[in-house]
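Visitor: Quick mapping for you: the protein sequence lines, in order, are chains A and B.
One point on numbering: in our numbering, the residue at position 44 of the first sequence is 47, and numbering is uninterrupted.
One point on numbering: in our numbering, the residue at position 230 of the second sequence is 221, and numbering is uninterrupted.
Wrong hints could be hidden among the right ones.
Unchecked claim - Only pairs whose alpha carbons sit at most 20 angstroms apart, straight line, appear in this in silico SDA-like list of lysine to any residue:
| hint | chain 1 | residue 1 | chain 2 | residue 2 |
| --- | --- | --- | --- | --- |
| 1 | A | K52 | B | I24 |
| 2 | A | K150 | B | N81 |
| 3 | A | K64 | B | I24 |
Said to hold, decoys possible - Here are the simulated distance ranges between beta carbons:
| hint | chain 1 | residue 1 | chain 2 | residue 2 | range |
| --- | --- | --- | --- | --- | --- |
| 4 | B | S9 | A | K64 | 23 to 33 angstroms |
| 5 | A | K64 | B | S209 | 27 to 37 angstroms |
| 6 | A | M137 | B | A227 | 34 to 44 angstroms |
As the list claims (entries may be wrong) - Some but not every residue of chain B turned toward chain A, in silico, with C-beta under 8 angstroms:
| hint | residue |
| --- | --- |
| 7 | I(-2) |
| 8 | S11 |
| 9 | T17 |
| 10 | T21 |
| 11 | H34 |
| 12 | L36 |
| 13 | N37 |
| 14 | S41 |
| 15 | V42 |
| 16 | L48 |
| 17 | E128 |
| 18 | P132 |
| 19 | W263 |
In case anyone wonders, no lab produced these hints; they're calculated from the structure.
Glycine included, each C-beta is placed from N, C-alpha and C at the ideal position.
Below, each chain spelled out in residue letters.
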Amino acid sequence: MKKRGFIGPLGDDIPSIFPIVLGIVIFMGTIVYANGAYNARNADLHLRKTALELSYMATEKGTLSTQDFRDLCDKSFKPYASHAGTNFAIVFKRHCSKIDLFNKNPFYSNYSGNAGLCTNAAFKSPLINSTPSMTPDVGTAIADEVKDAVVLNYPIAVNCPEENSATLGLGVINVIVWQK
Amino acid sequence: MRGQAAIFDGIMFLMLVSFSMAMVFTFLNTYGIAQDNVIRSSHTLNYMQSVMKSIYLIDASTLAQADSNAGDCTKGDCQNETGVYGEDMNCSQLASWQVSVGDVVKKDLVDGRLDDKFGTQGAEAPGKTALRCLFREVMKPFRQAGYNYFVEVLTPNKYKPLQQFQEEAGDSYRMDVAKKTYPRPWITDSSTITGDAGYIANTGDIHGCDDPRINATSLLAVSTPFRVQPPGKDDAAYDDPAALEPYANPVGAGRPTGVINPLGYQLRVCVWPA
């Protein structure tokens, strides 16, 4: 006996297959997107926490000499960044009389002829930490090698006007962290 | 009938998927916000700690060049901020003060006033100028990031701001005195402070971290104890009734006889998005 409109046990469900497949595709797409966004946000939080930890180490005493900075670089900054699996650059700038924020290349450390750069990254372009101002060439080089960096700046007391002076003046620590 | 039921199943499944997606996106929207806020607050607190440390460490004489009109634009150093801090911050008067900013501020605060002098005889103690010049420099990164700041000294009794033109600190902060020395008497970069008139009671400019005109939902204030040793028992300041404010001389007239306790001030810095 033939049932009217019956096209088989599977055939009868064919109309529902399209919304079900569509739903599965959308659901899977959502999961993939959510996973990517979740990982990206975690990575961002991890970078910022790493930058914060490094800045805690750098600003703990409130003052730094060049020798202190080198010691911290070898004993604290590099091991911590290595453990965290990130690239970093900490730039120690002695300004002394007034803080010059218009020295726009954040990687340039040779301010006042005596300061420090601590990094675990090998820059391909020598422009990055040797050119004081943010010229287009420097900007391009930094953009090529440093992706989505977290930058934190802190004031710090430094020996002024010379490295071996007893008085302390104005200095700045730039903490820059980015993904490997 | 079966076909309709199957389509209904499919639509129900799509609705279930939509609900799941909504939950996933809701999670994504809220995930990390709390951590983000904590990290931002931690950064701000660490910055404020660095600033407070710099008060105790940085030599006041090194701030002599940190004036609002400092910088030479022709050499790529455009740091002229007279529009924010006024024409002259008098930072140059700090050149001879080879002690920390904290020491200068303490010397200024011994008499219970933050007014650049000790007592009423005009003994120089440019604590307020030193604070203004220091904050002008150390808050640059924060200001460039789009924040305003305010610094105030509080007394422990009800934590009353010393800068307000009222009650016990009123005489030392008369408008003419403030105008004479500071075109803009407050230690702040708030752009809402305009002109040379300074603070006008009730209708004036922002006068403290508690000012309701500051967007309080995004204001972060950090306070730190700032203890100042008052003059010794034999100091001549006790002979002049007007030399010390009541808070700095709780004994009143005459010289103290018992133990002199340190004056427990608080330094409060607040920042908020411009």
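Visitor: So, against the hints stated earlier in the document, which numbers end up violated here?
Guide: 2, 3, 4, 6, 9, 10, 12, 19
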